[in-house]
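S.K.: Below are the chains, spelled out letter by letter.
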Amino acid sequence: MAGHYDIIVIGAGHNGLTCAAYLARAGRRVLVLEAAGQIGGAAVTSELAPGFRVSTCAHILHMLHPRVVRELGLKGAGLDYAARDLPTVALDAEGRHLTFTGDGIAAQDTEALSEADRAAWPDFRARLLRFAAALRPMLAEVPPRLGTKHGGDTLALGKLGWRLRRLGAEDLREFLRIAGINVADLLEENFESELLMGAMAFDAVLGTRLGPRSPGSLLSLLYRLTGRTAGGPARLALPKGGMGAVTTALARTAKAAGTEIRTDCPVARILVAGDRAAGVQLESGEEIKAGLVISNADPQRTFLELLGPRHLDTDFLRRVRNIRMRGTVAKLNLALDGLPRFTGLEGAALGGRLVIAPDLGYLERAFDHAKYGEAPQAPALEITIPSLHDPGLAPEGQHVLSANVIYAPYDLKAGWDAAREGFAEQAIAAIAQYAPDLRQYIVAGQLLTPLDLEREFRLTGGHWHHGELALDQLLMLRPVPGAAQYATPLPGLYLCGAGAHPGGGVMGAAGMNAARQVLAKEAA
Amino acid sequence: MSTMQAVKAVLGTPFHARTSALCRTNLWGRWAGYTAAEVYTEVELEYFAIRNAATLCDISPMIKYRIAGTDAVACLNRIMTRDVAKLAPGRVGYAVWCDGAGKVLDDGTLFRLGEDSFQLCAQERHLEWLLDSARGYDVSVEDQSEAIAALALQGPTSCEVLKAFGLAGIEQLKPYAHQSYESVIGSLMVSRTGFTGDLGYELWVRPEQAEALWDRLVEAGRLYGITPVGTRALDLARIEAGFIMTGADFVAAAHALRHSRGRSPFELGLGRLVDFDKGHFNGRRALLEEQRSGARYCLVGLDVAGNKPAAGALLYHGRKTEVGQITSAMWSPTCKANLAIATLRRPYGETVTENLWTEIYVDKELKWERVKARCKVVPRPFFDPPRRRATPPLAF
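Here the protein sequences line up with chains A and B, keeping their order. If you're matching positions, the first sequence starts at 1 in my numbering and goes up one per residue. If you're matching positions, the second sequence starts at 1001 in my numbering and goes up one per residue.
Note that these hints are calculated values from the structure, not bench results.
Residues of chain B clear of chain A, computed beta-carbon distances all greater than 12 angstroms:
| no. | residue |
| --- | --- |
| 1 | Thr1003 |
| 2 | Gly1242 |
| 3 | Thr1334 |
| 4 | Glu1359 |
Partial list, computed: chain B residues near chain A (C-beta under 8 angstroms):
| no. | residue |
| --- | --- |
| 5 | Arg1078 |
| 6 | Asp1099 |
| 7 | Gly1136 |
| 8 | His1280 |
| 9 | Asn1282 |
Note that beta-carbon positions come from the ideal geometry of N, C-alpha and C, so glycine has one too.
Based on the provided sequences and hints, a complete structural model is requested.
M.R.: Structural data, given as structure tokens:
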């Protein structure tokens, strides 16, 4: 019956679509409402300049949950990879780069990577991957509540404990030792190569408000390593057609199962009747009723703006207001009419993920500026040239360059509207140190600061993950106690976005878990 | 020669010059950052003055907030468990407020000063909680604790004192009502409220009026036996009145270190103050759940056999099973009964009211003796004289 829905999902980001697809497959009548003109949220491909298309925000797929891919049949729905097992290249100004491929590491000579580092790497990497593997099953589980006598909670906690215990005494001891420390300390214990440490630390701090010497930055690296997509743990892939291909496939799956998706429908507020979510009112004034509302919007937007404080308890609201979610990453997209040459980088390596983070001090200094609301003098970057793998993204012989730039503090003192151009210039200058001829190829460019991400993609604070991924905001604390099992204090309102467990990255696990929880708790 | 001087961490109230001059015992307690006289002369004398004459008690340390704005009713309705809209301007209501878990943060009195303006009087400080609760409402919250001095004038002759003081028409003021009056010391607010369960008033003035108010009342009350009383005598009167006190009969949820120590309104015998029909308020969902699954505790008044005050004593069912604890207790000279306020594990005290015992330890010149006394659940207030409600009060 048209116009009559069991469930409204607010936001057609990857988690909203995943959640909708699962629910529609279970027979629920689902309507997905997207504020923007296109589906996808921050997992979209857009036209940068005529003929040039690029993953607007998220650009590398490394966490998309294999269960989502398998269960929703995303490959059949058109998801394909332009590249898998993307190597990471830690750029060196003199061209003595380090290349990380899968679990291995390669360098031109011992000056770039000492024998000791080369020898230490496999064990170090293997151990981190063991830790990540112990944590990985939690991604697809509903976090247990603490302090209940409910059997399911006790079992889930027990399972977590058991998985860690199974690491064995030595690994468990090491895990407990390092879980809360900073990544720089651990790297310095194991390595001497500045370039290696810089690149590893970059992975730990990207997307967080942490520097390599901030406590908890190691956990953030482990979190990243829990990702398993495109055939193996901690592998990097580029979806064919850009990141929008992922959400396009999800939307196709959801629609095939009967989900209705409406774009250009910003939700103004969540309707409440008799202390239960009853539907939504759009900014246009239109009211749409449904028995359940699931929000893919971030928790602050969901609770403070869409639902409003009147339906929530003061202490819960305090927790929501205190969620740490000020973004630090800017996205730089460039359209290039030729391929720039990176000093010392040949062939396939150029198609890898290029990281500019030459040493720990470089990163930490960049973070220092962000701490005080300033832009760094020398930003760190993660660069891809996806058109090398996916020629359809740019006219023949031409390219798009897509880069994450840190640190770009959301709360920049100078104000982003005044500082945007200067920041973009600094980011380009940073790349140009490694690719001196870059500027001559630039035909169009775009810099999305956290403020732009907030404005255009409705990410509060411009934070990728809808909230920092840190010990105090993970598992049963994500986004806040009282809403950490996808259900919220308001009956009939659920969360399914990155603000919920297990968090951000184009993963889809939050949407999948939320759907499972809704199906378990809410009768059809 | 210089003398060392400390910055005073505890302040005197606006009445301090008067109260300290009269405090023979020099026994002072702390009350919300102020010194408060515990006893002026003798607790017993002061207690009997409360029940037989008129008494002055400096209640300035009480925490006072002004909540005002077009959303004042809506905002207070999200904070309080009762329906504030039903409190008419000019009225005072007893209220409790809870955290999200439905545990009481404090109790207090809510004065509706006007359509959109309230004064909240509380035991504990709550500014941050109130401000956080007020976000999203068109309302201002101001701490008025220092801006308002307050005096409780309680006892059967208190109305006569106010008449002599010159408050025209004061005898028409009804219980739980407040009104502004003109007087020799300027205008002041009077409410017919108090902590004694008797005829009595509370007077609210600006600090600069305080000393004149005290002096004029003492003068007006000379023939009516006006006596300053301290917090200990007041505590006896409040037990007889059956009032519970934060920090004595329950732990404020925000202060409880052990999270199971928090108490819901139902567990404090205040279920009548919970209105589920008015829309959302802090703790509503938790309280609904508690109503469904049943409260853990109940709070009752007890008549304890014998005459030994049972403060802090444990309660037993059938002399063996521990079922609860007495939180406030006294021998009541007026009721001629050994009174107690107690918290019991349900269903004890609620459906199981027979065969309840308490174990009292009595110090007989450093020889401790154990007394087992039978307890009977009795309604509160223990002391409830008709004069408490009579309007106009009986003239003396």
